[in-house]
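Enquirer: From first to last, the protein sequence lines are chains A and B. 211 is the number of the first residue of the first sequence in this note's numbering; add one for each residue after it. 211 is the number of the first residue of the second sequence in this note's numbering; add one for each residue after it.
Honestly, I wouldn't trust all of these hints.
Since the list can't tell identical chains apart, any single copy or any two copies may satisfy a pair.
Calculated pairs, SDA-like style, for lysine to any residue (alpha carbon to alpha carbon, straight line, at most 25 Å) [what the hints assert, rightly or not]:
#1 K403 x D532
#2 K345 x A255
#3 K397 x D532
#4 K345 x G449
#5 K290 x S273
#6 K403 x R509
#7 K290 x M211
#8 K345 x I455
Rather than coming from a laboratory, the hints here were simulated on the basis of the structure.
Protein chains: 2
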Amino acid sequence: MALRIALDVMGGDRGPEELVAGALLAVRELSVAVTLLGDEARIRAALPRGADALPGLEIVHTSEVIEMDESPFEAIRRKKDSSIVRAFALHKEGKVDAVVSAGNSGATMAAALKYLGRLNDISRPGIATTFPTLKGPVVMMDVGANVDCRPRHLFEFGVMAAAFSRVMYNIPRPRIGLLSIGEEGGKGNILVKKSHDLFQQSSLNYIGNVEGRDTFQGEVDVIVCDGFVGNICLKLSEGLAEALIAMLGDEIKKRLPAKIGYLLSKKAFSAFRRRVDYAEYGGAPLLGLRGTGIVCHGRSSAVAIKNAIRVATELVQNRVNDHIMELLAADDFLSLRADELDEEPAGAAP
Amino acid sequence: MALRIALDVMGGDRGPEELVAGALLAVRELSVAVTLLGDEARIRAALPRGADALPGLEIVHTSEVIEMDESPFEAIRRKKDSSIVRAFALHKEGKVDAVVSAGNSGATMAAALKYLGRLNDISRPGIATTFPTLKGPVVMMDVGANVDCRPRHLFEFGVMAAAFSRVMYNIPRPRIGLLSIGEEGGKGNILVKKSHDLFQQSSLNYIGNVEGRDTFQGEVDVIVCDGFVGNICLKLSEGLAEALIAMLGDEIKKRLPAKIGYLLSKKAFSAFRRRVDYAEYGGAPLLGLRGTGIVCHGRSSAVAIKNAIRVATELVQNRVNDHIMELLAADDFLSLRADELDEEPAGAAP
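Just chain A, same shape as in the assembly (with noise of 0.2 Å):
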């Protein structure tokens, strides 16, 4: 049978039509069956004439919405009715296979966290993110669920995002970097030192301490950072991609034979805002659950939520959790150490 996924079609910044029309390209393209939550008359409105016949699509209507700007565990307890956490409500029913939303991905995770619950001997889930490189994708994690980490949540965050790179990327055995200031593992803050000594203890196929610079030079698979640094690095590389679209655009405008120019070379500029423009991914899963759930960019488009729809069905087919179990448990050292590790503060300032 068909995996039904559950789409919040009330978060996302391009209204119910754009996610609905996602939905749509899903079902008639991937084989499978999406549940869509939200207010059902705008959901109906943006629906085309009998397309809520087609098999597979399903309606569930909820009367509650949580805003952008929301702080998440206080929105999800008040509200009960709202998309999100309806979807994961249907999800822990086992009525749906995994959650996709655009909206408040605190609420979202919150959400996430009360009803499904955290896989074993993962203490923080967190968001991974995937970037173009000039190369192939790499997996970034964690990108803002946790701001403020310990080595031991670090660590998880490598073996999550790992599971991730193998499951979607088809890499068996994903390098693993740590981001930091310097390339030696004597480099970096605290937290970062004391994280190094973790991996390196590992059986992960951990390369040491990588750089900004190197995330986009298709060297490493797996960049992992706690989700302040981590969710820094993703909104400044969106804003300096757009930055510098613009400027390169401006220089453009200054000249003209470089306006014929620009003229002659718009296919190749598409070509190129499509490779790196982070909405087209696919999403941003939410790991370490006992479930699957993704969270889109609030600007995503119908291909963008597709692609999403995409990914969640990979990661449940593929079973991306039971890879996470497996890469634990090779490593269980861990869990033995795990009080020592909780005990020791890391980050203070020397």
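Assemble the complex: chain A is given as a structure, and chain B must be docked to it using the hints.
Expert: Frame of chain A, contents of chain B only:
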């Protein structure tokens, strides 16, 4: 009398020739005197015939070189006759007004701390850098000198970078933002939340948290972060700018009409490259010292070195250190609360 700048010609990836060429440009164009420190034979070989008689140009022979991968504090202790150490010793003796180096930036900071010492009430000198944005330049601090910080240190970075922004970019009351992962004051890690409170109590022009994507929009003049985050942002931006240019080049090469377009847009491309090349921005000032130091990118061109020498002279002439002291004095509540602030551990995971 013209200011005299010491230039370490043994640092940098391109060899002494490029650095000497930068010094010549500075002496000819900027009415500044330059003392070249390094291996005298190599310096003389790099000088064109007759150039060593240029008024203002001086050579100081040094016998040792601090390599890029050496541990800063050990290197400056062991290599007393290195160009970096000798340059700051000259600065301390009052024989030069500032030091410029494209070598090991950690060793440069260590030598500056040892020979010049800190300004009163500055507990952590740091490194600032300028990023190009869609509007004007933005100054980020710290970008690598202090990896584990307390709120007090971030506040000092804000003060120092604001003084730099005043002096270099003629902005009387620079807008200061704290780099975080959400714009609301309640968002961020523990360090950022506590620093936010300090900035809010101050008389600085503090505009609140800024996100990574705001960096390149030009709506903030100074971005404050710890040296771990700042260094990662700097390296990530360099790496991404290079990768984007390479990716766009790829897309263009795939298409014949685009290839013709590229040839026509060539001028626009090189203007664009100059605009985003950090090496052109005149180096990164060391701030918070009893003196003036500039570190440059290892791959700095002669023009970049000339720009760094120009920035050094402007910082001395416009008395950036007096501006730092003036801004600090306006918020002396900080020194009253110094003990309390020093005792609060920052960045520890809850």
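Enquirer: Could you run down the list of hints and mark each one as holding or not?
Expert: Results for each hint:
1. Taking identical chains as interchangeable, the C-alpha atoms of K403 and D532 are never at most 25 Å apart, the minima being 29 Å within one chain and 37 Å between chains.
2. Neither within a single protomer nor between protomers do K345 and A255 lie at most 25 Å apart by alpha-carbon distance, with minima of 43 Å and 42 Å respectively.
3. In the homo-oligomer, the alpha carbons of K397 and D532 never lie at most 25 Å apart, since the shortest distance is 34 Å inside one protomer and 33 Å across protomers.
4. In this homomeric assembly, K345 and G449 come within 25 Å of each other (Cα to Cα) both inside a single copy, at 22 Å, and across copies, at 14 Å.
5. Taking the closest pair of Cα atoms, K290 and S273 come within 25 Å of each other only inside a single copy of the chain (9 Å); across copies the shortest separation is 73 Å, beyond that limit.
6. Proximity of K403 and R509 under a CA criterion of 25 Å is satisfied in neither setting, with 37 Å inside one chain copy and 28 Å between copies.
7. In this assembly of identical chains, K290 and M211 lie within 25 Å of each other by CA distance neither inside one copy nor across copies; the values are 30 Å within and 75 Å between.
8. Taking CA atoms no more than 25 Å apart as the test, K345 paired with I455 passes in both settings, with 21 Å inside one copy and 14 Å between copies.
When held up to the earlier numbered hints, the structure conflicts with 1, 2, 3, 6 and 7 and fits the remainder.
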